[in-house]
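Engineer: Sequence:
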Amino acid sequence: MEQILEKVLGAIVPGDQEAAYICRKRWDSIAKPLHSLGWMEDAIARIAAAQHTPQVRTDRKILVPLCADNGIVEEGVTQTGQEVTAIVAENFLDEKSCAAIMCRETGADIRPVDIGMASDTPRVEKRKIAYGTKNFAKEPAMTKEEAVRAVETGIRIVGELKEKDYCLIATGEMGIGNTTTSSAVAAALLGVPAEEMTGRGAGLSAEGLDRKIQVIAEAIARWDLSRKDPLTVLSCVGGFDIAGMVGIYLGGAYFHIPVLIDGFISSVAALLTVRLCPCARDYMLATHVSKEPAARRILRELELEPVIDGGLCLGEGSGAVAAFPLIEMANVIYQKMSTFDQIHVEAYQPL
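Using our numbering, read the sequence shown as starting at 205 and increasing by one per residue.
Certain hints may be false.
Unchecked claim - What follows is a list of derived Cβ distance ranges for each label pair:
no.: 1; residue 1: Leu413; residue 2: Arg264; range: 38 to 44 angstroms
no.: 2; residue 1: Ser409; residue 2: Arg504; range: 27 to 33 angstroms
no.: 3; residue 1: Pro218; residue 2: Leu238; range: 50 to 56 angstroms
no.: 4; residue 1: Arg504; residue 2: Gln207; range: 33 to 39 angstroms
no.: 5; residue 1: Ile291; residue 2: Leu413; range: 23 to 29 angstroms
no.: 6; residue 1: Gly395; residue 2: Phe544; range: 45 to 51 angstroms
As the list claims (entries may be wrong) - Once the Cα atoms are required to be at most 20 angstroms apart in a straight line, the calculated EDC-like pairs of lysine to aspartate or glutamate come out as:
no.: 7; residue 1: Lys366; residue 2: Glu329
no.: 8; residue 1: Lys332; residue 2: Glu350
no.: 9; residue 1: Lys229; residue 2: Asp428
no.: 10; residue 1: Lys342; residue 2: Asp428
no.: 11; residue 1: Lys495; residue 2: Asp428
no.: 12; residue 1: Lys432; residue 2: Glu343
no.: 13; residue 1: Lys300; residue 2: Asp313
no.: 14; residue 1: Lys342; residue 2: Glu279
no.: 15; residue 1: Lys366; residue 2: Asp220
no.: 16; residue 1: Lys338; residue 2: Glu279
no.: 17; residue 1: Lys211; residue 2: Asp486
no.: 18; residue 1: Lys338; residue 2: Asp298
no.: 19; residue 1: Lys330; residue 2: Asp313
no.: 20; residue 1: Lys342; residue 2: Glu329
Note that these hints are calculated values from the structure, not bench results. Only a predicted model underlies this, so the values are computations on that prediction, with no experimental measurement involved. Beta carbons: idealized from backbone N, C-alpha and C, even for Gly.
Please build the complete structure, drawing on both the sequences and the hints.
Structural biologist: Here it is as structure tokens:
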């Protein structure tokens, strides 16, 4: 591991539980039934812990979709070709993608990044590690050095966002074939059969799904990945988008910026991150549970509760952006609603 990653892993500390405690005490003093806003209260307390202050900020928010291609598409595990990755990456900038439209409507900024697309595009910010990963049915997807570089790229991006005063980051991704890489990483990390962690992605046939499961199972067996460390798993069967999101989560923990987990792919990156650095979990918020088969299992492993359970599986960061308004509403209530003392009403007591 190179110096930046080593430095960040050594410097991350747990979230500030005193700030979270003060936040929860404030919630309990507000003139409403105790804990009646559920996830919204929990989210603000988690943000307080992540920001290391009970004076929670939610005003400057951004989605960072990491765009990358995956060599495993050669094995017929997707319905579309790699050209779609570049098209959608450009659409982020024209507010033509779903997540970009949602960002506009929620007042969030968006910063798509080419961390490993198979082609170059005119306008998307280039932080390219390579022109896509290798086909992991034949060889490791990336070298260990490339995996570390991708993680460090994510960390650097968060450092830049810190300098621009962003206080909430949503993870996102775009990359044809990345449900295959995510299923492979998840199956290896959790030590469960590939068929339990693999879904149809963007719409595979039954035959395509069988092929996808076979490719994943063979790769895990080939490199005995259920016994390997997280970076080895990532380099063998992961993607540059996943690696970059690991860096986003680590950077969030290092710079004390809470990071919103989107769906299946970003939750796999979150699991990888927690395996590398357990404290980083304190800086994560789950937003929704994807309908991909492994999604609930991963969130249970992370011990994080999502707010949205609506069958979403679009990706791009769409579920995370959908949670932005709930978080902002919660923070307005937390900051501005009257307390029991202020309206001269006896407070609710825990029973």
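Engineer: All hints, please: hold or fail.
Structural biologist: Structure-based check of each hint:
1. Leu413 x Arg264: 38 to 44 angstroms: Once the Cβ atoms are compared, 41 angstroms apart, the range 38 to 44 angstroms for Arg264 and Leu413 holds.
2. Ser409 x Arg504: 27 to 33 angstroms: holds (29 angstroms)
3. Pro218 x Leu238: 50 to 56 angstroms: violated (26 angstroms)
4. Arg504 x Gln207: 33 to 39 angstroms: holds (35 angstroms)
5. Ile291 x Leu413: 23 to 29 angstroms: With a Cβ separation near 25 angstroms, Ile291 and Leu413 satisfy 23 to 29 angstroms, so the hint holds.
6. Gly395 x Phe544: 45 to 51 angstroms: For Phe544 against Gly395, whose Cβ atoms are near 49 angstroms apart, the range 45 to 51 angstroms holds.
7. Lys366 x Glu329: Given pair Lys366, Glu329 holds - Cα atoms ~18 angstroms apart, limit 20 angstroms.
8. Lys332 x Glu350: Roughly 10 angstroms separates the two Cα atoms, so the pair holds.
9. Lys229 x Asp428: violated (48 angstroms)
10. Lys342 x Asp428: holds (15 angstroms)
11. Lys495 x Asp428: violated (28 angstroms)
12. Lys432 x Glu343: holds (16 angstroms)
13. Lys300 x Asp313: Between Lys300 and Asp313 the Cα gap is close to 14 angstroms, so the pair holds against 20 angstroms.
14. Lys342 x Glu279: Holds, at about 10 angstroms.
15. Lys366 x Asp220: holds (18 angstroms)
16. Lys338 x Glu279: holds (11 angstroms)
17. Lys211 x Asp486: holds (19 angstroms)
18. Lys338 x Asp298: Cα-Cα ~30 angstroms, so violated.
19. Lys330 x Asp313: holds (18 angstroms)
20. Lys342 x Glu329: violated (30 angstroms)
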